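**Q** So the protein sequences, as listed, match chains G and W. Heads up: the first sequence begins at 540 in the numbering used here, then just goes up one per residue. Heads up: the second sequence begins at 715 in the numbering used here, then just goes up one per residue.
For the record, the hints were derived by calculation from the structure and aren't laboratory data. There's no promise every hint is true.
As the list claims (entries may be wrong) - Partial list, computed: chain W residues near chain G (C-beta under 7 angstroms):
id	residue
1	769
2	775
3	917
This structure is a prediction, so every number in the text was calculated from the model and none was measured. Yeah, the Cβ is synthetic: ideal placement off N, Cα and C, and Gly gets one too.
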Amino acid sequence: MPRAPGSSRPHARGSPGPPPNPRGGRRRCCPYCCSASSGRRKRDQEPVLAQYTAVISPQDPTLLIGSSLQATCSVHGDTPGATAEGLYWTLNGRRLPPELSRMLNASTLALALANLNGSRQQSGDNLVCHARDGSILAGSCLYVGLPPEKPFNISCWSKNMKDLTCRWTPGAHGETFLHTNYSLKYKLRWYGQDNTCEEYHTVGPHSCHIPKDLALFTPYEIWVEATNRLGSARSDVLTLDILDVVTTDPPPDVHVSRVGGLEDQLSVRWVSPPALKDFLFQAKYQIRYRVEDSVDWKVVDDVSNQTSCRLAGLKPGTVYFVQVRCNPFGIYGSKKAGIWSEWSHPTAASTPRSERPGPGGGACEPRGSEPSSGPVRRELKQFLGWLKKHAYCSNLSFRLYDQWRAWMQKSHKTRNQHRTRGSCPRAEGARREVLPDKL
Amino acid sequence: MSCQLAILCLLTLLLPPLSRGAPMSPAERITQAYNLALSMQENMSTLLQTYLQAQGSPFSDPGFSAPELQLSSLPPADISFKTWNALDDGERLSRVQGAFLALTQHLQLVGDDQRDLNPDNPILLAQLRDARLRAQGMLGNVAAIMTALGLPNPRAEDTLGLVPFGASAFERKCRGYIVIREYGHWTDRAVRDLALFKAKYPS
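Model the full assembly from the supplied sequences, consistent with the hints where possible.
**A** So, in structure tokens, the structure goes:
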């Protein structure tokens with residue numbers, strides 16, 4: 540590396556003749572507790588000894604994986620001692636086998652590398668020419684990789700018709716070993732020039748956000764260009780109308796509350812997202828809920844244009860987490876669905892505790908046992924009420940009571956199955972169990 | 715969040731306080747500069763490690779050191795004890811001043827180089843920017859001490875001279891290493907110089 544007066548090019552100091560460090564090898568010291576000098580310099584004076592420098596050719600080559608490279612390290616010397624004798628190569632810190640190098644002449648050392656691997660770091664592989672004592676004489680950064688592959692799978696969405704965010708997948712293998720620049724481009728299909736998206740990495744490494752100046756009711760063409768030192772690639776063009784990819788904010792003000800004393804129901808209420816209130820659209824909603832310590836969500840689908848829903852078939856005395864999301868379906872009269880919003884922040888509520896013992900619980904009565912062995916007051920009340928309505932004979936019998944209990948359990952089961960699929964009864968009034976006329 | 719707090723803390727040390735009524739005494743200015751130098755010392759090894767890691771081996775090898783690499787545009791921090799001891803106040807401070815001026819300009823250059831070489835390493839770029847800001851802070855603090863002691867304040871000069879635009883990637887990697895290394899040496903030197911001033915001008 541040549542040294543110019545007052546320049547900020549790094550230069551190396553070495554010594555001709557005997558190595559500066561009698562111990563041999565490179566002197567290692569902590570980076571900033573020893574002085575920077577090699578110990579040969581008289582304090583505050585210009586160095587007395589002459590130095591020699593070297594240069595590697597080629598500088599910063601870019602190569603395809605698997606290709607070969609011929610390089611040379613040429614020594615410039617002020618003194619007759621400057622020779623290529625004793626010099627050696629390292630690549631990424633590893634000394635290269637001596638059979639790969641040979642001296643072309645007294646001041647030039649050559650190197651032949653074959654079948655290069657992809658670069659270890661983006662800043663380039665370090666090929667270094669060392670003096671006999673290990674000090675760095677010259678270096679060159681190798682950039683070995685692959686040209687980019689075609690990016691694909693572009694998907695875009697617009698928040699409230701105000702902006703456009705797009706995501707894509709980089710080419711099939713992704714790893715090019717070189718820094719690859721991705722550029723999202725867009726233009727109006729029938730008019731105008733190419734525009735380039737400027738805000739990258741908004742929702743992940745391969746994404747871009749266009750914040751403004753987007754036209755509605757007209758198609759855009761969108762594509763991604765990938766470029767690196769070895770070449771470029773362009774994705775297929777995606778054509779879309781902003782209105783077809785609209786999403787919105789999750790519904791605000793989601794409230795979950797109990798339905799009176801009903802132990803298996805909760806009522807969910809929300810507000811339709813305000814950002815789209817001025818635009819004619821029918822919102823669709825989805826509700827999902829789960830028990831506090833479960834990871835399985837149950838989804839209620841097809842909630843159209845309502846802002847409340849009653850969840851039923853829930854377990855008593857349990858904490859539930861509930862979320863709601865919105866789809867701006869049919870915006871501006873379009874027949875298409877939009878894109879679902881994010882789920883609202885989870886809201887929690889608990890169902891009232893059950894007063895009757897649960898199925899399979901320790902306090903359950905076995906079949907055919909005396910009812911006096913433990914029915915709860917409420918259950919008896921329900922039974923008597925039923926009896927009053929439906930019994931043909933006034934003879935109370937325990938058999939009849941057992942039959943009724945069996946029927947209750949059976950109808951509970953079917954009720955839960957139906958509810959699990961998810962349905963949102965439109966009726967606002969309290970739902971009562973309708974008991975059959977006959978047993 | 716803690717990063718923003720750290721930068722705020724840093725800024726209070728970097729800027730000599732604007733007139734809060736009575737001007738700061740020399741002792742107060744010296745203490746402030748000394749504290750800044752100590753905080754710079756604490757961050758040194760992190761900066762160097764982050765930088766070396768990003769350049770790849772051999773730079774990233776444990777214990778990497780290449781004292782043979784030098785930049786003639788940076789003044790050396792090492793000095794014989796006898797000479798150092800004999801420096802007068804003005805000379806002592808102006809050497810620190812000159813060094814940190816050169817370091818500020820070189821750190822800008824290194825930041826630009828690394829933006830090119832390591833564009834996907836925002837941590838490194840942020841640390842280089844912070845180091846440059848700290849060096850500028852040191853300049854401000856030293857100038858404040860010189861003013862407080864009634865010493866002449868030399869004008870800022872362009873220390874980089876002609877920047878060779880054709881520097882290769884490897885040369886730029888070496889350059890960054892040398893600058894950060896010398897930044898560390900000059901921080902250690904500043905701590906010693908300012909400790910001397912603290913003793914000489916007690917509050």
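**Q** None of the hints should be skipped; say for each whether it holds.
**A** Hint check:
1. 769: Where the cut-off is 7 angstroms and the nearest Cβ of chain G is about 6 angstroms from residue 769 of chain W, the hint holds.
2. 775: Holds - the Cβ of residue 775 of chain W comes within 7 angstroms of chain G, reaching about 5 angstroms at its closest.
3. 917: violated (30 angstroms)
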